[in-house]
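Let's have the full structure, built from the sequences with the hints guiding it.
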Amino acid sequence: MSKQINVALIGNPNTGKTSVFNQLTGLNQKVGNYPGITVEKKEGICKLPRGLKAHIIDLPGTYSLNASSLDENVVIELLLNKNDKDYPDVAVVVSDVENLKRNLLLFTQVKDLGIPTILVVNMADRMERKGISLDVERLEEKLRTKIALVSARKNTGIDELKEFIINYKHLSTEPCVNASVIDPEYFDGLRSAYPNQSLYKLWLVITQDVNFGNLSRNELAKTSGFQTKSESDLKRLQQKETILRYQFINGVLKEAMSVDARAAKDLRARLDRVLTHKIWGYVIFFAILLLIFQAIYNWSSYPMDMIDVAFAQFSEWTKNNLPAGAFTSLIAEGVIPGLGGIVIFIPQIAFLFLFISVLEESGYMSRVVFLMDRVMRRFGLSGKSVVPLVSGTACAIPAVMATRNIESWKERLITILVVPFTTCAARLPVYLIIIALVIPDRSVWGFNLQGLTLMLLYLIGFGTAIASAWILNRILKISSKSYFVIEMPNYKLPMLKNVGINVVEKTKSFVLGAGKIILAISVVLWVLASYGPGEKFSNAEEIVSVNYSEENPVSEADLDEEIASFKLRNSYIGIMGKGIEPVVAPLGYDWKIGIAIISSFAAREVFVGTLATIYSVGSDEEETIKNRMAAETNPILGGPLFTFASGISLLLFYAFAMQCMSTLAIVKRETNTWKWPLFQLVGMSVFAYIIALTAFQLLK
Amino acid sequence: MNLNKVKLTLAQLRCGQRGIIKDFSTEDVPLKLLEMGCLPGNEVEVIQTAPFMDPMYLNVNGSHLAIRKETALHIEIELID
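Keeping their order, the protein sequence lines are chains A and B. In terms of the numbering used here, the first sequence opens at residue 8 and continues consecutively. In terms of the numbering used here, the second sequence opens at residue 12 and continues consecutively.
FYI, nobody ran anything at the bench for these hints, they're computed from the structure. Wrong hints could be hidden among the right ones.
Derived Cβ-Cβ restraints for the label pairs, each shown as a range [as the list claims (entries may be wrong)]:
| id | chain 1 | residue 1 | chain 2 | residue 2 | range |
| --- | --- | --- | --- | --- | --- |
| 1 | B | 84 | A | 675 | 35 to 41 Å |
| 2 | B | 18 | A | 676 | 42 to 48 Å |
| 3 | A | 306 | B | 18 | 53 to 59 Å |
| 4 | A | 285 | B | 18 | 55 to 61 Å |
Even for Gly, the Cβ is constructed at its ideal location relative to N, Cα and C.
Okay, here's the thing in C-alpha cells:
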C-alpha cells in the first residue's frame, strides 16, 4: 500500500470548512481529542483517484495564525512541528467566496510557512447571485497556488480538489509576503541568530506562546542571547504585519476579482432587518426557544413509548428464555432496565442536538449573540455566553468548551461556573418521568401542561444561571481587559448532511459515554440489591411466612411480593438506603430515591436506570418503569410516593444540584484548578437541597 | 467650538451611516479587529445597532462583524455623506 497523503484543512470559521471535510471523507471520519487538551480533533480518510488515499485532518477554525485561544493554538502547533505525525504534506485553505479578502489573510500566512498550499473557494454557486466574478487564472498566478472552485452544497469542484491534492508536489512553496520588511533590522538579527530556521516560523514562535519542536519562546531568548522585544512592541509589529498582508491582498484582488454591487440583491439585509430588530429580534428568539421545547416534548413521545415497552418485553423475554440463575437475573433485572433508562432518551437528545446544530449552521446563533450582548453584560456575562448557555441544554461539557472564544477571562469564568445550571440532556430523563407522574396530561390554551412544565424547568435553569452570574460578578474580584468582536456570517440553509453527521456523532458519543457509566452502576446496584448480610436476608421466606397461618391466609402472589420487598429492605443497598433516609425524608423521598440520587452524582441520567434496577429486582411482572414508579407508596406518610409535592421537590433538586463528574473534570481542565469545580459541587448541591426542602415542606 | 476639530468616532454613527476609518485613538487595538478587516482607509457602514446603540453591527469593507460601543469609541472616522 502506498503512503497516505497528509492533508490539513484550514480556514476561517463559517467558511463551510466542515462541509468540504464531509464531502471529502463521507462517513469515513472519527472525532477524538488532542492529547492532553479537550479540543476536538476531527480526522478522516479520503479516497483519491488511482488508488491513492489521503488522511485529512479538519483543524479548528481560525481567523489568523495569531492564536488567541487553545483551539487556535492547535492549528499553529501542528503547522510548526515538522515531527508531528499529522504534519501536512499539503495544506488546504478553505475560503468563502463572499469573504475572500479576509480569508486570504490566513492563506498568505499558511503559505509563508513554506507548506504547499491549495486554495478552496467555497460556496462558488453563490458568485452569480452576489455579482462576483473571479479571474481564477490570474488569482492562481498572483498567489502562486492552485485554486479549486467548490460548492460543497452542489457537490461540485471536489474532484478537481482531489486532483490538486494528488499533485501536491508540483505546488509552489514560495511565500506571498515578505514579512521581514516590517522591521528589517530586527529580522536580520533573527536570521543571523538562527541561520537554519525559516524566518517566518521564528517570527510566529516569538509572537505566540506555542511549542516549536524543542525551540520555545523562552529558550529562544536564553540560548542565543538574542534580545526579543517587549510585548507592546511585538504587538505593534503584528499590527504592521496584518496591514502589510492586506495591502498585498488588496493588490491581488483588484486585478482578479470584481463585484457588481447592483447585482447583489441581498436576502441577508432583509433578514437582518427583522431578526436583529430591537423588538422583533427578541420576540422571534423567544418564539424559537418555545417552539424547540414544545417540539422536543411532543415529537419524541411516540418513539419513547415504543422503546419503553420494547425494553420491558425484552427483559421479560430474557427471564423466560435464558436458564434461570444469578446471571440471568443480572441481565434481566440489572443490565436491561439500566440500559433502557438511557436508550429511551435517544429521541429527545437527538432532537435537541438537531435544533442546536441547525441554529449554528444557519448563522442565526451570531444574531442571538449580537442581540443578547448588552443584556448579558449586566450580569457579568458576554453575548458570546449565549452559545454555551444554549448548548448547555444539550450537555455542559461541550458548553464549557464553547466558552473559549470569550475574550475576557472574568466573563469566561463566570460563564463556566453558571453553565451547569442550564438544563442538560441528562436531566431530561429525570424530568420527563417525574413530569409524566405528577403533572396532568392536559391542554391549556393549546399548550400541553406537561410541555409547559418542561419549558418552565428550562427557564428556571436559565434564570438561575443568570442570577448566579450576577452575584458572581459582584463577588469575584478579577480585572481583565475585555473587548468583543464577532463575525456576523451570512445566512445559510443548513446542509442536511452536515446536520445529520453532527446529530449522529453527538448522540452516539453521549449515549456511549453515559451507557458505560450506567452499565457499571446498574451491575453494582443489582449485586447490592440481590445480596444482603445476616439472618434477616437469608431467612426472609420464614420470617415473612410466620405472620401467616391457616386462620390468616394469603395468596401465593402477595406472599412472594412481600418476601421480595422484605429482602430488598434487608439487602446491602436497603441498609445503605435506610442510613440516608433521614437526610432525604424531609424532601419527600424514600430510601430508593435516596440511592438513585447518590448514584446520580456520577451522572444524572443514572437516576431512571437506578430506580428501574431497584424496582425490578424481585418483581416478576412485565412492567414499564413509569408504572412501577407510580405504584410506589410513601413509607412515612402513606399514599403514593410520587405526589405533586415530592415530584416538584425532586425536579427542583435535579435542576440545581451539581451531579456530573465529567463536567467537574472539564471545569478543572479549563480553569486549571480544583478550586472552581469544588466550588460548583458544594455550592450548587447545598443550594439544591435547601430549595427542594423548602418546596416539599410548603407543598405537602 | 470648532466642529472640524472634534474627532468623530464610529460610536456616533447611526444605522445606515457610513464612514472611512481614519485612525485608532488607543495603542491597544485588538489585533483581531485588524484581522477582521477593520483597517485605516477602509469603509465602514453601521447596519444595525442593538438597544442602547450597543453592540454595533458593521460592514467593514465587505466583512460583517459586531463590536461593542466601548471599542467603537476608539475608532476615529470621517463621515461619508
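Using the Cβ atoms, figure out if residue 84 (chain B) sits within 35 to 41 Å of residue 675 (chain A).
holds (38 Å)
Against the range 55 to 61 Å, how does the distance between the Cβ atoms of residue 285 (chain A) and residue 18 (chain B) compare: consistent or not?
violated (28 Å)
Kindly confirm whether 42 to 48 Å is satisfied by the beta carbon distance between residue 18 (chain B) and residue 676 (chain A).
holds (46 Å)
Range hint 53 to 59 Å (beta carbons of residue 306 (chain A) and residue 18 (chain B)) holds or violated:
holds (56 Å)
When the structure is compared with the earlier hints, a violation turns up for hint 4 alone.
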